[in-house]
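Protein chains: 2
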Amino acid sequence: MTIRPVELSKAYRLLQLGATTMLSAKHQDDADVMAAAWVGLGGPNKVIAYLGTQSYTRKLVEKSGYFVVHIPTVQQMETVLYVGGHSKFTSPKKLENMPLFYQDGCDIPLVTGSAGYLLCKVVHNAQQEQQFDSFMGEIVSAWADSRIFDGRHWLFDEAPEELRTVHYVAGGQFYAMGRGTKFNHGPGQD
Amino acid sequence: MTIRPVELSKAYRLLQLGATTMLSAKHQDDADVMAAAWVGLGGPNKVIAYLGTQSYTRKLVEKSGYFVVHIPTVQQMETVLYVGGHSKFTSPKKLENMPLFYQDGCDIPLVTGSAGYLLCKVVHNAQQEQQFDSFMGEIVSAWADSRIFDGRHWLFDEAPEELRTVHYVAGGQFYAMGRGTKFNHGPGQD
Chain X
0 MTIRPVELSK AYRLLQLGAT TMLSAKHQDD ADVMAAAWVG LGGPNKVIAY LGTQSYTRKL
60 VEKSGYFVVH IPTVQQMETV LYVGGHSKFT SPKKLENMPL FYQDGCDIPL VTGSAGYLLC
120 KVVHNAQQEQ QFDSFMGEIV SAWADSRIFD GRHWLFDEAP EELRTVHYVA GGQFYAMGRG
180 TKFNHGPGQD
Chain P
0 MTIRPVELSK AYRLLQLGAT TMLSAKHQDD ADVMAAAWVG LGGPNKVIAY LGTQSYTRKL
60 VEKSGYFVVH IPTVQQMETV LYVGGHSKFT SPKKLENMPL FYQDGCDIPL VTGSAGYLLC
120 KVVHNAQQEQ QFDSFMGEIV SAWADSRIFD GRHWLFDEAP EELRTVHYVA GGQFYAMGRG
180 TKFNHGPGQD
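Chain order of the listed sequences is X and P.
Residue numbers are given in numbering that gives the first Met the number 0: position 66 of the first sequence equals residue 65, and the series is strictly consecutive.
Residue numbers are given in numbering that gives the first Met the number 0: position 174 of the second sequence equals residue 173, and the series is strictly consecutive.
Misleading hints may appear alongside valid ones.
Pairs count within a copy or across copies, as identical chains cannot be separated in the list.
Unchecked claim - Straight line, CA to CA, 30 Å or less: simulated DSSO-like cross-link-like pairs of lysine-lysine: (1) Lys92 x Lys9; (2) Lys181 x Lys62; (3) Lys9 x Lys87; (4) Lys45 x Lys120; (5) Lys120 x Lys181; (6) Lys92 x Lys181; (7) Lys58 x Lys87; (8) Lys87 x Lys181; (9) Lys93 x Lys181; (10) Lys93 x Lys62.
The set of hints was computed from the structure by calculation and includes no laboratory data.
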């Protein structure tokens with residue numbers, strides 16, 4: 000198994016590349032997974048996710064107070080389109096053929112094959128949620144595929160192409176993350 | 000000149016790839032540019048930007064109510080590190096050697112060489128700003144380099160490598176955006 004825990008102090012790096020995400024949530028026995036292009040960092044250890052009112056997953060987030068942000072990979076592009084194109088309101092068996100797994104301490108299902116996973120606890124702000132469909136979450140646990148994230152840095156240039164993150168444009172068009180460059184005089188901690 | 004206006008209904012696509020950004024702002028004659036990795040879409044035509052209290056640019060945003068999100072390119076990686084590593088509080092001549100230009104209807108300077116620019120008007124929410132350093136902006140104008148964004152889609156695969164967007168990790172490490180893929184059965188309008 001290549002999925003390993005990531006220290007909370009480095010978990011933001013999983014989201015900072017700005018990949019298109021999938022979001023999973025669960026309330027009692029009801030789980031769902033959605034595609035979410037508008038999910039980003041909202042501060043140290045904070046995620047901000049746009050969850051439209053038509054989203055089934057949003058109802059589960061509202062009831063449970065938790066969600067998991069997935070960082071999908073090239074091998075999951077069709078999965079991202081599938082979950083984005085089907086609502087559990089009209090396709091109740093949406094997750095039936097999806098490869099899911101669980102991590103210790105997280106009862107929300109994770110979709111197999113993503114680069115990373117961020118378990119977030121909702122920090123409620125009624126105005127932002129109701130007026131702007133904007134949900135803030137605090138990252139409480141994180142995991143990543145150790146073949147492409149060593150706990151501190153991404154390793155795309157040493158890994159298979161199908162493990163790169165994906166960045167959605169529109170109309171079925173994606174870009175994959177490309178080549179890395181390292182400057183020695185960069186600010187910040189390594 | 001390859002910088003052309005982008006329709007507001009498509010402007011979100013400039014930010015949706017999740018690139019690291021630069022942010023410029025101006026109050027009276029005082030302008031600044033900062034690097035901002037935590038800037039993303041917060042809804043239709045909405046941007047959410049994390050602006051730490053130590054940021055000089057934040058003061059200008061607070062006073063003027065406007066900011067410009069830049070989508071930098073590979074040719075600007077050193078510029079992103081420079082503006083991120085120098086504060087106007089301690090380097091008052093920070094912008095002196097920076098190539099800047101202006102667009103009609105926007106008196107905030109833009110840094111030459113970015114893929115796109117989004118002029119945003121702050122939608123104030125005192126709690127989000129003070130408690131979380133999180134600022135929401137409504138996109139009111141947008142421009143892009145027509146060599147890489149045709150008004151609807153990115154054209155990276157047909158353009159020089161140095162015009163790809165950049166995605167910052169930490170410690171001077173960046174990734175450039177990579178290759179595109181198109182699925183015909185994607186949801187959403189083209």
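Evaluation of the provided hints:
In this assembly of identical chains, lysine 92 and lysine 9 lie within 30 Å of each other by CA distance neither inside one copy nor across copies; the values are 36 Å within and 33 Å between. Proximity of lysine 181 to lysine 62 under the C-alpha cut-off of 30 Å is found in neither arrangement, the shortest distances being 43 Å within a copy and 36 Å between copies. Within a single copy, lysine 9 and lysine 87 get their C-alpha atoms only as close as 33 Å, which misses the 30 Å cut-off; across copies the closest is 28 Å, which meets it. Taking identical chains as interchangeable, the C-alpha atoms of lysine 45 and lysine 120 lie at most 30 Å apart whether they share a chain (9 Å) or sit on different chains (23 Å).
Within a single copy, lysine 120 and lysine 181 get their C-alpha atoms no closer than 33 Å, and across copies no closer than 34 Å, so neither meets the 30 Å cut-off. Proximity of lysine 92 to lysine 181 under the C-alpha cut-off of 30 Å is restricted to the inter-copy arrangement: shortest distance 27 Å between copies versus 45 Å within a copy. In this assembly of identical chains, lysine 58 and lysine 87 lie within 30 Å of each other by CA distance solely inside one copy; the values are 11 Å within and 45 Å between copies. When the C-alpha separation of lysine 87 and lysine 181 is checked against a cutoff of 30 Å, the pair qualifies only between copies, where the shortest distance is 25 Å, while the shortest distance within a copy is 43 Å.
When the C-alpha separation of lysine 93 and lysine 181 is checked against a cutoff of 30 Å, the pair qualifies only between copies, where the shortest distance is 23 Å, while the shortest distance within a copy is 42 Å. For the homomeric pair lysine 93 and lysine 62, the shortest alpha-carbon distance inside one copy (20 Å) is at most 30 Å, but the shortest distance between copies (49 Å) is not.
Consistency note: the structure conflicts with the earlier hints numbered 1, 2, 5.
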